[in-house]
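*Asks:* Listed in order, the protein sequences are those of chains A and B. Going by our numbering, the first sequence opens with residue 10, and the numbers climb by one from there. Going by our numbering, the second sequence opens with residue 4, and the numbers climb by one from there.
In short, the hints are calculated from the structure, not lab data. Each hint should be verified, as a subset may be incorrect.
[To be verified] Once the Cα atoms are required to be at most 35 Å apart in a straight line, the calculated DSBU-like pairs of lysine-lysine come out as:
#, chain 1, residue 1, chain 2, residue 2
1, B, Lys251, B, Lys51
2, B, Lys314, B, Lys272
3, B, Lys68, A, Lys155
4, A, Lys78, B, Lys197
5, B, Lys251, A, Lys78
6, B, Lys272, B, Lys51
7, A, Lys155, B, Lys314
8, B, Lys251, B, Lys314
9, A, Lys182, B, Lys234
10, A, Lys155, B, Lys272
11, A, Lys182, A, Lys155
12, B, Lys251, A, Lys182
13, B, Lys251, A, Lys153
14, A, Lys153, B, Lys314
15, B, Lys51, B, Lys89
16, B, Lys65, A, Lys78
17, A, Lys182, B, Lys89
18, B, Lys197, B, Lys234
19, B, Lys291, A, Lys78
20, A, Lys78, A, Lys182
21, A, Lys153, B, Lys197
22, A, Lys153, B, Lys51
23, B, Lys272, A, Lys78
This is what each chain is made of:
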Amino acid sequence: MKQNIHIEQKRDNPSSTSPDFCHRARQVEIVSFVLNSEPCQVAVPSHWTLLELLRYAIGLTGSKQGCDKGDCGACTVRLNGQPVLSCITLALDATEQHIDTVEGLGMGGTPHPLQNAFEECGATQCGFCTPGMMMSAAALIENKQKAEQTNISRLEIATALGGNLCRCTGYRKILDAVERAWAEMS
Amino acid sequence: MLRLQPFELVQPESIGEVLQLLSTHAEHVRIISGGTDLVPNLKLGSIKGDVLVSLQRVDELKNLKEADTQLVIGAGVSLHTIATSKLVQGTVPVLADAVGKIASPQIRNMGTLGGNLCLDTRCRYINQSEFIRSSFGGCLKSDGDRCHVVPGGSLCVAALSSDSVPVLIALGADVDIIGPEGERTIPVEELYTKDGVAHIALSSDEVVVRARVPIPAAQTRITYRKWAVRKSIDFPLVSVAVRIDHIKGSPDILEDGRVVVGVLGPQPKILRLSSLQGQPINEEMAHKVAGIVSRRCTPLANVPYSEDYRKLRLAVEVKRAIRSLFI
């Protein structure tokens, strides 16, 4: 219920939700969607992106804002299980959909196998691309498990992570980490 | 941070409502579907939108089916669906391949075929921040009166960077367009004009509803080649679809063919190979076709990488395409 607490806090203190952009809104709508398996309702200006909704209205700052125009993949979240770029998806497009962010993978004492693998393989350096990488990788692993495929190749992982840029690691350790997580999860 | 300017978003649930909205909001109305091309352009301010009409909830645009000898793909079908659909892979594999080369997995999940058909033209002088654009005084497509790519030019030459369009033209596909006067069907190539500012030959109250792709016959072979700096995310810098029809019964003699080249200007360039009819399809033909393409196509300084390199690269890609099809 952590997310709902955040929303209540923001509602009590509306000045914290970027007043500059709220008061200029031409239209404000209530978006109901399922966020990390919890139902969630937020009022949002129609010109906000899904990333702005997550970061500024709900306070989930795990999804990062990188290029902010759909090039880098740092803002990747999952929309009905498929990775999408939240910085170029309109917040209202989330209406009645399932959204999963990196916070939904695992928090605090219960990390997801991907999160463990990223740590063990040293796949994060500055860490800015990591949430996006994990969301793309989680979608790949789940899709493959659903299709009951038992093998994963480096090329498949690289293709699935093709929309996520990393300027630190050189990608090798990230591919290692996804392979390790796959081995652990299957 | 790039914020969107406030706009009104309407989310109709049928094509009828969409048409009505388009006719009532004439000023600065934009159609948005996946938004993967429009939203970045709105953020950069190269496109203005007061009212956005979203097609996300219009389910009638999301059909993908085989009808007689055609594949009918709704404009709202996602690029991911087309690239991974068993139906498309089985009937028109070249389309699945080309669509699978568009941008990144995340963008293919949101982007739609209609959006890729109506992709805005791109140019190194337009796809920049407002600050950079104003530093050289704007251009024909962005609050200015001159072209920086072709000095003295009066028509914008921004490039159509769609990966699906060259393939659809090579396949001889049509698009269905709906407007206030009803539906009409035109070949894909007639959707584009020579003017990069208004390169889609539709009026503001018309919508592309579906593409009709003829399933190629056994003697037709088509391939698509894209060259970009990175294999993922990037728009193509060289993009070419090659179609070769061989004579029935003799698979090494050319009957007809066409080469469709993208990313030159606002219009894809179509070169017909009928003059080579009856000639053997071999390495010599690959060189001949590459020579024709190279002579007839002039890459401009509208996208990154030098024009000379892209011209040479185009010839190489054409040769490789023909080799991959026959030799």
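*Asks:* Run every hint past the structure and note whether it holds.
*Replies:* Hints versus structure:
1. B:Lys251 - B:Lys51: Measuring from Cα to Cα gives roughly 52 Å; hence the hint is violated.
2. B:Lys314 - B:Lys272: holds (14 Å)
3. B:Lys68 - A:Lys155: holds (24 Å)
4. A:Lys78 - B:Lys197: Distance ~28 Å between Lys78 (chain A) and Lys197 (chain B) Cα, so the pair holds.
5. B:Lys251 - A:Lys78: violated (49 Å)
6. B:Lys272 - B:Lys51: Between Lys272 (chain B) and Lys51 (chain B) the Cα gap is close to 29 Å, so the pair holds against 35 Å.
7. A:Lys155 - B:Lys314: Roughly 45 Å between the alpha carbons, so the hint for Lys155 (chain A) and Lys314 (chain B) is violated.
8. B:Lys251 - B:Lys314: Distance ~33 Å between Lys251 (chain B) and Lys314 (chain B) Cα, so the pair holds.
9. A:Lys182 - B:Lys234: Satisfied, since the Cα-Cα distance of roughly 20 Å is no more than 35 Å.
10. A:Lys155 - B:Lys272: Roughly 43 Å between the alpha carbons, so the hint for Lys155 (chain A) and Lys272 (chain B) is violated.
11. A:Lys182 - A:Lys155: holds (26 Å)
12. B:Lys251 - A:Lys182: Distance ~52 Å between Lys251 (chain B) and Lys182 (chain A) Cα, so the pair is violated.
13. B:Lys251 - A:Lys153: violated (41 Å)
14. A:Lys153 - B:Lys314: violated (41 Å)
15. B:Lys51 - B:Lys89: Given pair Lys51 (chain B), Lys89 (chain B) is violated - Cα atoms ~38 Å apart, limit 35 Å.
16. B:Lys65 - A:Lys78: holds (26 Å)
17. A:Lys182 - B:Lys89: At roughly 33 Å apart (the allowed maximum being 35 Å), Lys89 (chain B) and Lys182 (chain A) satisfy the hint.
18. B:Lys197 - B:Lys234: holds (29 Å)
19. B:Lys291 - A:Lys78: Violated, at roughly 42 Å.
20. A:Lys78 - A:Lys182: holds (26 Å)
21. A:Lys153 - B:Lys197: Roughly 44 Å between the alpha carbons, so the hint for Lys153 (chain A) and Lys197 (chain B) is violated.
22. A:Lys153 - B:Lys51: violated (41 Å)
23. B:Lys272 - A:Lys78: Since the Cα atoms of Lys272 (chain B) and Lys78 (chain A) sit roughly 29 Å apart, the hinted pair holds (cutoff 35 Å).
In summary, the numbered hints that this structure violates are 1, 5, 7, 10, 12, 13, 14, 15, 19, 21 and 22.
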